[in-house]
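Please work from the sequences and hints to get the whole structure.
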Amino acid sequence: MSKNVLVIEDEPNIIEAIGFILSRDGWRVATHSNGEDAVEAVRSRMPDLVILDVMLPGRSGYDILRDLRGAEATAGMPVLMLTARGQNRDREMAEAAGASRFMTKPFSNSEVLAAVNQLIGA
Amino acid sequence: MASLNLLLSVSLAYVALLFLVAFAAERAALRGRVGWLRSPLVYTLSLSIYCTAWTFYGAVGYAARSGLEYLTIYLGPSLAMIGWLWAVRKMVRIGRSQKITSVADLISSRYGKSTRLAVFVTIMAVVGTTPYIALQLQSVTLSFAAFAAMDPATTLPGGSSTALWVAAGLAFFTVLFGTRNLDANERHHGVVMAIAVEAVVKLCALVAVGVFVIWGLGGGLSETLARIDASPIGRWEMVNGRWAGLIFLSAAAFLCLPRMFQVLVVENEDERHLQTATWAFPAYLMVMSLFVVPIAVMGLDLLPEGSNPDLFVLTLPLHDGRTGLAMLSFIGGFSSATSMVIVASIALSTMVSNHIVMPIWLRVTGGGAVVSGDVRHVVMLARRVSIVGVVLLGYIYYRVSGGGEALAAIGLISFSGVAQFLPALVGGIFWRGATRNGAMTGLIVGSAIWTWCLFLPGFGDGVVIPVHVLEAGPFGLGWLRPEALFGIEGIDPLVHGALWSLFFNTLSFVIVSLMGFPTPVERLQGAQFVNVYQYSESPGRGAAGPVQTEDLLMMSQRILGPAQAQALFLREARAQGLASYLPDPTPGFLQALERELAGSVGAATAHAMVGQLTGGAVVSVEDLMAVADETAQIMEYSSQLEAKSQELTRTARQLRAANDKLTQLSLQKDAFLSQISHELRTPMTSIRAFSEILRDTDGLGTEQRLKYASIIHDEAVRLTRLLDDLLDLSVLENGQISLNLQEGRLSALIDHAISATGGAADRLRIRRNRVAETLLLTTDLDRLGQVFINLIANAAKYCDAERPELSIHVRQRGGTLIVDFIDNGTGIETDQQAVIFEKFARVGEQKAGGAGLGLAICREIMQRLGGTIGYLPGQGGAAFRVTMPLARAMAAQ
Chain A
1 MSKNVLVIED EPNIIEAIGF ILSRDGWRVA THSNGEDAVE AVRSRMPDLV
51 ILDVMLPGRS GYDILRDLRG AEATAGMPVL MLTARGQNRD REMAEAAGAS
101 RFMTKPFSNS EVLAAVNQLI GA
Chain B
1 MASLNLLLSV SLAYVALLFL VAFAAERAAL RGRVGWLRSP LVYTLSLSIY
51 CTAWTFYGAV GYAARSGLEY LTIYLGPSLA MIGWLWAVRK MVRIGRSQKI
101 TSVADLISSR YGKSTRLAVF VTIMAVVGTT PYIALQLQSV TLSFAAFAAM
151 DPATTLPGGS STALWVAAGL AFFTVLFGTR NLDANERHHG VVMAIAVEAV
201 VKLCALVAVG VFVIWGLGGG LSETLARIDA SPIGRWEMVN GRWAGLIFLS
251 AAAFLCLPRM FQVLVVENED ERHLQTATWA FPAYLMVMSL FVVPIAVMGL
301 DLLPEGSNPD LFVLTLPLHD GRTGLAMLSF IGGFSSATSM VIVASIALST
351 MVSNHIVMPI WLRVTGGGAV VSGDVRHVVM LARRVSIVGV VLLGYIYYRV
401 SGGGEALAAI GLISFSGVAQ FLPALVGGIF WRGATRNGAM TGLIVGSAIW
451 TWCLFLPGFG DGVVIPVHVL EAGPFGLGWL RPEALFGIEG IDPLVHGALW
501 SLFFNTLSFV IVSLMGFPTP VERLQGAQFV NVYQYSESPG RGAAGPVQTE
551 DLLMMSQRIL GPAQAQALFL REARAQGLAS YLPDPTPGFL QALERELAGS
601 VGAATAHAMV GQLTGGAVVS VEDLMAVADE TAQIMEYSSQ LEAKSQELTR
651 TARQLRAAND KLTQLSLQKD AFLSQISHEL RTPMTSIRAF SEILRDTDGL
701 GTEQRLKYAS IIHDEAVRLT RLLDDLLDLS VLENGQISLN LQEGRLSALI
751 DHAISATGGA ADRLRIRRNR VAETLLLTTD LDRLGQVFIN LIANAAKYCD
801 AERPELSIHV RQRGGTLIVD FIDNGTGIET DQQAVIFEKF ARVGEQKAGG
851 AGLGLAICRE IMQRLGGTIG YLPGQGGAAF RVTMPLARAM AAQ
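Residue numbers (the numbering used here), protein chains in the order written: chain A, 1 to 122; chain B, 1 to 893.
Fair warning: there could be bad hints in the mix.
According to the in silico footprint, chain B covers these stretches of chain A (three or more CB under 8 Å from chain B) [what the hints assert, rightly or not]:
no.	segment
1	20-28
2	47-53
Derived contacts from chain B toward chain A, CB cut-off under 8 Å, selection only [unchecked claim]:
no.	residue
3	ARG681
4	LEU694
5	SER730
6	CYS799
Derived from the structure by calculation, the hints contain no laboratory data.
Keep in mind it's a predicted model, so treat the numbers as computed, not measured.
For every residue, glycine included, the Cβ atom is placed at its ideal position computed from N, Cα and C.
Here is the structure:
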């Protein structure tokens with residue numbers, strides 16, 4: 001069984017790093033680097049898991065998450081939020097928006113792996 | 001033969017009677033029984049002080065010398081009373097509403113309370129009146145002497161000693177009844193009553209003598225008329241000019257004489273009395289003048305040649321042995337003399353003490369803040385001293401002049417002296433344009449001419465003015481001859497002097513008034529005087545009573561508040577033993593009320609308010625000025641409060657603004673920290689992720705490992721640069737940077753900047769105009785270079801044209817150096833142009849390497865260098881303009 005992940009992130013190096021880690025773990029990694037049409041990207045791909053950065057060009061990760069949770073098809077989709085702003089307020093906002101998991105950059109590769117696998121219940 | 005002692009006794013008895021009358025009138029007035037004291041009859045009789053001893057004795061003498069001309073002296077006032085009633089009525093109204101105390105007070109009040117005017121008028125009045133008082137003393141002395149001559153049993157006492165005794169007695173009487181109380185209205189009921197009695201006595205005496213002369217001596221009316229026809233006196237020899245002049249002069253004097261002003265205006269109780277006086281006073285004068293001609297004719301006929309015609313009234317009965325009638329005649333003359341002296345000295349003493357003694361005393365004692373009781377005492381003393389002084393002056397004049405011959409001439413000279421007040425007086429109450437300077441000039445000019453033409457020559461030829469001056473003029477200037485000014489001769493000296501003095505007086509008064517502008521006080525006073533009927537209430541206001549107290553209570557409630565005002569009134573009513581809220585308006589209560597009100601509205605305002613309600617007195621300009629002063633103070637105080645409150649509001653607004661700013665700063669700081677966190681964590685994320693990959697992943701290809709290592713390296717460099725920028729910005733923002741001023745050429749600086757951007761600039765074609773760049777600058781070249789590098793690097797990095805170009809334009813405009821950096825890309829969108837200079841602002845897609853601090857740093861640098869950096873829209877591509885004041889650059893050239 002192949003695990004599909006959509007990484008929504010704008011920093012090329014971070015996309016590369018996450019892509020490398022997850023594909024090594026057997027994920028099929030798709031990436032999207034723009035906030036504006038991120039929701040459509042999720043809907044069209046319907047991945048098993050979304051890794052969502054908070055600060056995206058065009059649109060905030062929180063808004064995207066709120067839209068996803070508002071739509072029936074994506075309401076229960078596991079979403080791992082990543083943020084470079086590690087304040088408590090950011091964590092609270094992420095939880096309020098409906099994030100399944102919240103992680104602060106920089107992260108440990110193994111932690112990310114553990115988290116994503118836990119989220120899809122593998 | 002009548003003994004002198006009998007005459008003395010009768011005189012003393014008469015004087016005692018006068019004392020009694022005056023005393024009774026005072027008592028009656030004190031008890032409030034003023035009904036009959038206030039009758040128009042008493043007022044009319046008091047006006048008869050116009051008829052002095054000069055009229056009583058002198059008119060006969062006048063008739064004996066000059067025929068019917070004596071009539072002019074009676075015609076003048078009669079015409080004045082009838083024809084000038086409008087002027088008289090206005091004077092009376094003004095006198096009441098302005099609390100005028102004398103003619104000097106009226107003139108000075110009208111012209112803005114001018115002290116100099118008051119002093120001048122007072123002095124003129126004293127100068128004009130003193131000979132007149134002397135005249136009265138002389139007439140009493142002469143009549144006394146006439147009696148003594150008939151009584152060989154008695155040795156004649158010295159004339160001067162008689163005059164001295166009379167003077168002393170008059171002074172005593174006047175002091176006693178003239179300064180009894182210091183009434184604000186200056187009314188003297190006792191004196192007025194005594195004068196009224198004297199008026200009746202002198203009329204009766206003259207009528208009695210007249211009747212005796214016609215029917216006793218002349219043998220009946222027709223016989224007497226026949227004698228008159230035979231005599232030169234009876235001939236109707238009118239010298240038109242002199243008659244008109246004399247009538248006008250006596251009419252003017254009637255209004256201006258201090259003693260006439262005193263009875264006419266100051267002692268007036270009720271304006272309506274004037275209506276009675278209008279016909280009664282001329283009637284009185286007519287009766288007084290009726291028997292003058294018969295007495296004169298008979299005197300000339302019967303008495304030995306050389307007899308003094310001024311004493312015919314007395315000597316005719318004496319000659320016929322009618323001692324009783326002679327005594328009555330003496331008492332009549334005595335009455336005329338005394339009443340004149342009494343009233344004149346009261347009037348003069350009021351003027352002297354109010355306008356001369358009191359100002360001097362106040363100045364000497366450093367007045368101003370004097371207790372009122374203290375001043376009362378001083379005023380009283382000043383009055384008494386002034387009365388004694390005025391009578392004494394009259395006596396001294398009598399002694400010095402040696403009781404000269406025809407004193408009647410002095411009377412007319414006095415008339416024309418006081419008539420100098422007329423232009424200022426009449427002009428003042430009818431013409432608003434009249435000014436103080438005009439009045440002063442007119443008075444000075446008029447009295448100077450009067451002194452030269454009438455007063456000094458009046459002492460007799462050669463007494464004061466040498467005879468040759470009289471004949472040829474001073475210093476041989478013929479046109480200045482006292483009796484023929486401007487070489488116009490042939491006019492009667494009296495008419496000549498009066499005419500010229502009044503003419504120039506009026507002329508200069510009008511001209512100077514027209515040339516100048518009245519001061520504010522004058523203007524106000526002028527309005528109050530000229531329009532007195534609009535400003536004052538109708539006469540005859542009701543007496544004090546409960547209605548008035550109710551008004552006071554209503555007013556006090558408004559000012560003090562109902563509870564306090566009622567408590568005050570109730571307390572006073574209880575103290576007075578009354579069982580209501582309304583106490584009687586006693587002076588004490590009014591004073592207390594005024595004090596109470598003064599605490600709230602100021603003393604002047606309180607006084608004006610209480611005065612308005614109780615006295616019916618019109619608020620004077622001084623009151624108004626004081627009220628205005630108070631109001632100004634209160635307004636200033638309230639405006640100070642207002643200013644303070646405005647200041648507080650302003651401070652509050654400033655504090656709010658500061659608070660807003662702090663809140664905003666705190667938000668900005670949060671946002672900034674959050675941004676920094678993001679900017680630091682992002683490269684760190686890559687570094688950590690890839691270093692973990694390198695560490696934990698086996699079997700990575702060389703190429704891959706190399707790639708990941710270089711990512712780590714690049715991100716480490718980016719992190720370092722970010723930290724550098726942050727530090728730089730922090731230093732710049734805190735103003736801690738010290739500028740390192742150097743001199744350098746702009747072209748070299750741009751060269752350096754281009755080469756410093758290194759490889760980035762290779763893909764960019766740069767257009768420059770090197771001629772324009774040959775400019776020496778003195779500034780921090782490193783920092784300016786940093787800005788240029790940033791702009792060039794940005795262009796290299798962000799210009800999206802196929803073949804990127806950057807144009808660098810250098811210009812000078814009005815002392816400012818302008819360097820534009822314009823590329824040929826798509827530029828920056830309008831909505832983002834505003835934010836690009838903010839920290840961490842990045843436009844469009846993120847390209848590796850930029851931390852978003854470059855332009856923020858540029859902006860800080862340019863600010864430190866005294867210049868600006870801004871985005872220049874509408875240039876095709878992205879355009880940045882750097883400006884710097886050239887002053888620094890030029891100075892280096």
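Status of the hints after comparison with the structure:
1. Given a C-beta distance limit of less than 8 Å, the hint that chain B covers the segment 20-28 of chain A holds, as 3 residues qualify and 3 suffice.
2. Under a criterion of three residues with beta carbons nearer than 8 Å to beta carbons of chain B, the stated coverage of the segment 47-53 of chain A fails, only 0 such residues being counted.
3. For the restraint placing ARG681/B at the interface with chain A, the shortest Cβ-Cβ distance is roughly 4 Å, inside the 8 Å limit, so the hint holds.
4. The beta carbon of LEU694/B comes no nearer than 11 Å to any beta carbon in chain A, farther than 8 Å, and the hint placing it at the interface is violated.
5. Look at SER730/B: its Cβ only gets to about 20 Å from chain A, farther than 8 Å, so that hint breaks.
6. With a least beta-carbon distance of about 20 Å to chain A, the hint placing CYS799/B at the interface is violated under the 8 Å criterion.
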